[in-house]
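So the protein lines, in turn, are chains A and B. In terms of the working numbering, the first sequence has 189 at position 189, counting the first letter as 1, and numbering is strictly consecutive. All you need for the working numbering is the position in the second sequence, starting with 1, plus 1000.
Among these hints, one or two may not hold up.
Said to hold, decoys possible - Facing chain B, from chain A, some residues (calculated, C-beta under 8 Å):
| # | residue |
| --- | --- |
| 1 | Thr229 |
| 2 | Arg231 |
| 3 | Gly234 |
| 4 | Leu241 |
| 5 | Gly251 |
| 6 | Tyr252 |
| 7 | Ala255 |
Just so you know, the hints here were simulated from the structure itself, not pulled from any lab data. Quick caveat: nothing in here was measured; it's all calculated off a predicted structure. Backbone N, C-alpha and C define an ideal beta-carbon position, used for all residues, glycine too.
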Amino acid sequence: MTQDYRRFLQPEALSRISRLEIRARQVVEGFLSGLHRSPYFGQSVEFVQHREYVSGDDIRRVDWKVWSKTDKFYIKLYEEDTNLRTTLLVDLSESMQFRSGAMSKYDYGCTIAAALAHLLLKQQDSVGLYAFDENIRAQVPPSSRRNHLHAILQSLAQNDPAKKTGIEHILRQVADEQTQRGMIVLISDLLVEREGLYKGLKMLRHRGHDVLVMHVLDDEEIDFTYSGTTRFEGMEELGELVCDPRSLREGYLDALRAYLDDIRRFCARHLVDYQIIRTSEYLDAALLHYFNHRLGMRQGVRK
Amino acid sequence: MAEMFSSLTGWLSPFFLNPAIFIPGAALISSPIIIHLLNRLRFRKVRFAAMEFLLQSQKRNKRRILFEQLLLLLMRILAVLLIAALIARFVLSADQLSLLQGPRSHHFVLIDDSLSMRERWEEKTAFGEALKVVQRLAEEGARRPGTQKLSVALLSDPDVPIINGEELNQQFLNKLRDDLSNLKCGHQALNLLEGVEAARRHVLQDRAVFRTLHVVSDYRESDWGREPALAQAIKSFEQHQIGVNLVRAVTQKRPNVSLVGLSGELQTAAVNVPLRLTATIRNSSEQKSDNLRLTVIQDGKPLPVSIPIDAIDPGKIATKSFEVVFATPGRHRVEVSLDPDALPEDNALHLALDLLDANPVLLIHGGEDTAAAETIADALAADPSLTGIAPLIQNPEALRRLRLEQYRCIYMIGVQSLPADAILPLKKYVAEGGGLVWYIGESTNAEFYNAELYEDGGAGIFPVRLGRTGMDLPRATDLNPGPDLVFIEHPLFAIFSGEENPFVAAVHVDRFFPLADDFPRRDAERDDGVKTIATLRNGQPLIFEHRHGEGRVVTCLTSAGGAWNDWPQNPSYVILQLELQKYVSKTFEKLDSELVGTPIAISVSGSLYAEDVEIATPDEQVSRIKMVAKAAEGDDASGDVLYQTTFRETDRPGVYRVTLYDPDNRPQERWLAFNPPRTEGDLTLATDQALLERIGGNVAIQTAENFDWIRQSDAQQEIRYGLIIFLLIVLMIEQFLAYRLSYHTRQAGVAV
Chain A
1 MTQDYRRFLQ
11 PEALSRISRL
21 EIRARQVVEG
31 FLSGLHRSPY
41 FGQSVEFVQH
51 REYVSGDDIR
61 RVDWKVWSKT
71 DKFYIKLYEE
81 DTNLRTTLLV
91 DLSESMQFRS
101 GAMSKYDYGC
111 TIAAALAHLL
121 LKQQDSVGLY
131 AFDENIRAQV
141 PPSSRRNHLH
151 AILQSLAQND
161 PAKKTGIEHI
171 LRQVADEQTQ
181 RGMIVLISDL
191 LVEREGLYKG
201 LKMLRHRGHD
211 VLVMHVLDDE
221 EIDFTYSGTT
231 RFEGMEELGE
241 LVCDPRSLRE
251 GYLDALRAYL
261 DDIRRFCARH
271 LVDYQIIRTS
281 EYLDAALLHY
291 FNHRLGMRQG
301 VRK
Chain B
1001 MAEMFSSLTG
1011 WLSPFFLNPA
1021 IFIPGAALIS
1031 SPIIIHLLNR
1041 LRFRKVRFAA
1051 MEFLLQSQKR
1061 NKRRILFEQL
1071 LLLLMRILAV
1081 LLIAALIARF
1091 VLSADQLSLL
1101 QGPRSHHFVL
1111 IDDSLSMRER
1121 WEEKTAFGEA
1131 LKVVQRLAEE
1141 GARRPGTQKL
1151 SVALLSDPDV
1161 PIINGEELNQ
1171 QFLNKLRDDL
1181 SNLKCGHQAL
1191 NLLEGVEAAR
1201 RHVLQDRAVF
1211 RTLHVVSDYR
1221 ESDWGREPAL
1231 AQAIKSFEQH
1241 QIGVNLVRAV
1251 TQKRPNVSLV
1261 GLSGELQTAA
1271 VNVPLRLTAT
1281 IRNSSEQKSD
1291 NLRLTVIQDG
1301 KPLPVSIPID
1311 AIDPGKIATK
1321 SFEVVFATPG
1331 RHRVEVSLDP
1341 DALPEDNALH
1351 LALDLLDANP
1361 VLLIHGGEDT
1371 AAAETIADAL
1381 AADPSLTGIA
1391 PLIQNPEALR
1401 RLRLEQYRCI
1411 YMIGVQSLPA
1421 DAILPLKKYV
1431 AEGGGLVWYI
1441 GESTNAEFYN
1451 AELYEDGGAG
1461 IFPVRLGRTG
1471 MDLPRATDLN
1481 PGPDLVFIEH
1491 PLFAIFSGEE
1501 NPFVAAVHVD
1511 RFFPLADDFP
1521 RRDAERDDGV
1531 KTIATLRNGQ
1541 PLIFEHRHGE
1551 GRVVTCLTSA
1561 GGAWNDWPQN
1571 PSYVILQLEL
1581 QKYVSKTFEK
1591 LDSELVGTPI
1601 AISVSGSLYA
1611 EDVEIATPDE
1621 QVSRIKMVAK
1631 AAEGDDASGD
1641 VLYQTTFRET
1651 DRPGVYRVTL
1661 YDPDNRPQER
1671 WLAFNPPRTE
1681 GDLTLATDQA
1691 LLERIGGNVA
1701 IQTAENFDWI
1711 RQSDAQQEIR
1721 YGLIIFLLIV
1731 LMIEQFLAYR
1741 LSYHTRQAGV
1751 AV
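Okay, chain B solo, but in the shape it has when bound:
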């Protein structure tokens, strides 16, 4: 009997939230029949005289009475049935009418664990609210064991659900609590489209009758407003008859101020040289933010004074610069932070520096005379403790010997030509982000430059084709007035701009190297990415800037020293050299800060390092990883092995310390700063209307705070209100029939 009851309960479970209640409820439909029969059996006797009329009436009304009584009985049975269905919470969807598909539901919950889900208010966080939805959904499902399945995936890893099609029952609930409490919200900006696509793939694998995707997110305008493909992806669920519930974990926008940038001239940073850093702050609130203070933490120690920031208007960005000085070489870190607000995680940025006593700059001189190189060296580092630059003067042969990547930039000063095997390392150096400066001199071999260093379309490390030999520039006369140097607006010369600069105007250029006769002078004609940034009085281009791979190249078609011009005697020379060095070296900056979530890819030569690597996360969790050995390929192939690994646990913002070991087991550290994405700080919510317009009307938008929808949508849609209306109609019909059949006195009888 109990077995039969439980199998019946199982069969009914797709239709009722409380199938166990419905069975006794359905049994109650016999009550009107029994009452009816009892009424027929329990009667009183009357000896009646006027039977003649009674029998006539009975004969005439027999069929009608039978019909009406059966109808009344039916209405009462129906009323009892409906009440039982209401109490047992009848649920129905159009698909459910097809019993062949089997009575199972599968809920796939995709939880957004991007940084913005860390928003907090009162004692809650958006992510915490999202977990509550899962918990509540599971609890509702567990009330009907054996019929509901749950999968939960985080948006940061949607292809690997943390709960995969688990049956919902009491035992699972206990486990779920532990699982959910271990989940942590990430710090990244995540791709919702990928998450939804992965969820669809996963849900489609399941053959359950009712499949529902619950996307629990904060629904920021920044995520949902800019991704039309996302709306399409959500829409596509409808084709597969998968219900979609968009669950809002956050219902209102709260004020938030974010630190969106931290930059500085890191390429020139050196011991005891003040490093100027600039923090960028964005106010994403609806109101003005004031009383903001920036706290700077240098190597874990806060600077004694926090920096006040002027009030920022809504939606505006402000910058604040400050200087830090490091007394020792080596690795350092800087953290700047604002006071916590709704989203405290985007109020801090980290910076990691590998500080040298001085930044090495390689100066390659062309001939025996190193005067030009020394002029530049003096300009860069007359006092190394002030500029933080350590110039090294070498001849072109050094390009083959030295590890070029250790230099911030390389100057090529009047170099005649390069050894064949020096060109490639130089190209590689620049392509990987190194800075290169060309100065031309008397001994410059134009043919070599044109043949070996220049490539069409600006693809070479030398930007232009040169003429055969240098050319004199006559001094200015009354007929030919004006300064010899004409700067075109460019960051490199920004320091000279804004006013007429007497120092630059005083520079005389006597000789220069013209372009090849057939080489187009104007940038627009060439359209090869090479930009002319300074010309001579006669209109001949003098200084070019172009990119080669990741690196910057600046080319000057006159001499570095005083041979062809008197610039070194001019005070602007030193300033230009310092700016030039900063400008070309700048590409190193990006290496010092990554977005959280970006994997740390390590690939080192087996001859230089051991196979083990240690990576310490900002919370001091140290992972020791054995790298994979792989034969070197391509240009590096020399029978060497490469040790490679990729570390993906970089979700937490902060400084990660990567420690490699050389063959002698001496550690070599490199620090990497990981910062949160700047887009997540905008907490503007996409409105329901906007969501529905983008996706279409076939999704339900719920809020995590209100759990009622879970009950309703648990196995599709509970038709409670429909049942109540139907019950009311049935009761009204029943009352009408009962009234009609009870023959309430409409007249006192026969008039006598």
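Pulled out of the complex, with its shape left as it was, chain A reads as follows:
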């Protein structure tokens, strides 16, 4: 792999990203005090509420002042400030290599990953990375050090996607390894086996992770504006087809729409953040849209 990993951090994009006031989440598990609120109740600074004591609760957390006044045992609950522990999962499979415009989905996905990593590290959140296709091709453990970005970029750049995507066991492996709850960001075109994807996402949610799915799709994949007789050669060994694309466009769009609707429904049902991102969109616009969307949704859910 000879390509320069810095291509994923274009100066213009970075400068735009830097100005973003990303309030990624208000409640994030972590140990760094920052802008993020932890979803977990701990022993830290800020009192949140009382709760009646149940057996098994730590006696140290009983609020004796309340007991003295009411003769009832109440437990004090605190809100902990923590840093965000984010794991980026970047799809490097062959289908990500498709491009119709300036950037392939792979390029675009890596750029998003790089941008996110840069942002989070700037906020001193810890960021880890899994780059995968059929298997995990590269893994960078979570760290909040600023020079960690270099390691992440390097792992993205070193992986030349070529294999067919096998998502279930990868998500399972991530779930197993990421014991501490945090945010999992899946950047992929999701051209994978549907059941495996759903199982993997459900598993991550089950383990308590917040899951973001950034569904990267090329313009042509969404609009399908091909014309004239064309031989479509399928990536990831999906065969080939000679046809007049215009005649198949409607059917194709119907199938795609059904697939996306299916994913949307699944994500909504399992509280997975899901966003389709066109490779022609500006990165900052896409990220802003995403984070605003996520903020609103999460707040609503927790209340």
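Since chain A is already given, all that's left is putting chain B on it; use the hints.
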């Protein structure tokens, strides 16, 4: 290859006006297929990620796409085919679907060459326009050699087509030009019905698939309006699946004035006797005709002054009389003409005269006393140079000796009886047009008259049965007043009518011959064609007129001389005799003028004439004909031979000169004037609507000026407009399918 192409062209020729164009055109239908296949072979490659959805779409739409694409391909092929058919000019009729009948067309063109087709306007004539139709039809047909046949017949001789089923090709076209340029329009009024019937017989003989009769005529109301059988005849073509095209050579009515009659008292014409002729002029125009002048040409020399004619109202007739004088005996001719108009040929009429020094009249007296005959002779020709009459007084025996036909008329004056062998020549003379006048006298043998000359029903040369003997008429008295002679209105007495005539009133009739007692007095009772034209004071009929064959007979039941009456002393006597002579002689007139086209039939005795006859036409074309010898029959049979011939080339108006030769080879000429028919001058056209109403809706009416219909009807009907509409429909369907199959963006893609 070339042979195959030409046989294919021949096979296609009934269906296309340009079959040679259709073959490469049809080959072009492969172009959409080739383009389609090339499109399938020439594709670009795309490595695509979302194949899953593409394959799903393809699986779901495979059958529909295949069907739609095949339909689109079919539409494009059809469009190319239709364009090729349009350029090659596809023609089709319902009959054509039956290929077994063979791919040939036969056009039969019947050209009206009657006089009215000589109408001219600008530099054109109706007949010329008709010939152009033939030329154009042949040219169109020759564009597809080997498929079209042409027959052309003139209405004047429809049974013998001048072009009979000739194949149309370039070589024929060259010949046709010469043939057509030799055709001349006639001067006759022709029978369209006969022409159409002949055309049908001719067309039915041909077994071509498509048979079309083109009747090129001027379609005058006078021809087509009065002949219901003609409409029926045209209609009958439909039963035989023969198409009928009525082609108008003339499209509008033009003003025309015609000379429709030229008459005069030719029976009295003689040298130096002024001959009064009357020309009849008809204005067939829609407007008043004025400034007309009549030009008279006597023996080829125009009279110095033309005769002005008063303005004639539309549709009216005017007459103009004038006198001509001939200074020499023999044959003369007179031509009167008007200034040329739309139809100049009906503006001239001809007259031929065989003028004698004087007209011979035979007076047969009954007894020894010729006084009565001389009285009449004096009345007719006191001065022969004034009346032009040469009376000859003879006894009844002369009837056997003389050639009676040379006399204008014969007077029988108080004849007692006739020799038996004189009755027949006399009857023959009258039957052939001779005039006969009977005067009764004292010696008249009533029994003979009743037995030999009278026949029942007015069939004899004597009109009535007589009583036994003459009867006296008492003079008028106060108790029995009135003139002795009472004329009944009749042309003979026209000169006496209109006012009370003192001369006639002064005539006294003392004696007359009554009718037989049992003979009906009143004309109505007899109803035998014998007309009483004068009676006596007592009501007894006195003068009769009747016809015997072609001749006229006038019978007076009193004496010619002064024996029974004092009429000869009365001035009205001379006038009556002159009028009487004119009246009975009149039947000779028709011999001097014939309608053009009437054959000249010559039948002469072999003992009197040689077998050769020369006939000179008005344009000085002399035909020398050897007549056919035939044994004489009937009454003439005396071992003699008759020389006979019929000359039919009498289409041109004018004077025909027939020259016979006697055994000594001395020529004997007779002149005959032939004039155009008077009916042809009415140039009123029958309207399309009137024609269609009479014939029915199954004929096409075209005009010669517009040739488009020839192309259309050349091999039945070219369905150009149908094809264009069909092509438009196909192109619309093609566009709809193409639009549908091209999947123009109706939405931007999947909403994200």
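A quick look at each hint next to the structure:
1. Thr229: Check passed: Cβ of Thr229(A) comes within 4 Å of chain B, closer than 8 Å.
2. Arg231: Constraint on Arg231(A) satisfied, holds at 5 Å.
3. Gly234: Holds, because the Cβ-Cβ distance from Gly234(A) to chain B comes to roughly 4 Å (cut-off 8 Å).
4. Leu241: holds (6 Å)
5. Gly251: holds (3 Å)
6. Tyr252: The hint holds - Tyr252(A) has a Cβ within 8 Å of chain B, the shortest such distance being about 4 Å.
7. Ala255: holds (4 Å)
When held up to the earlier numbered hints, the structure conflicts with none and fits them all.
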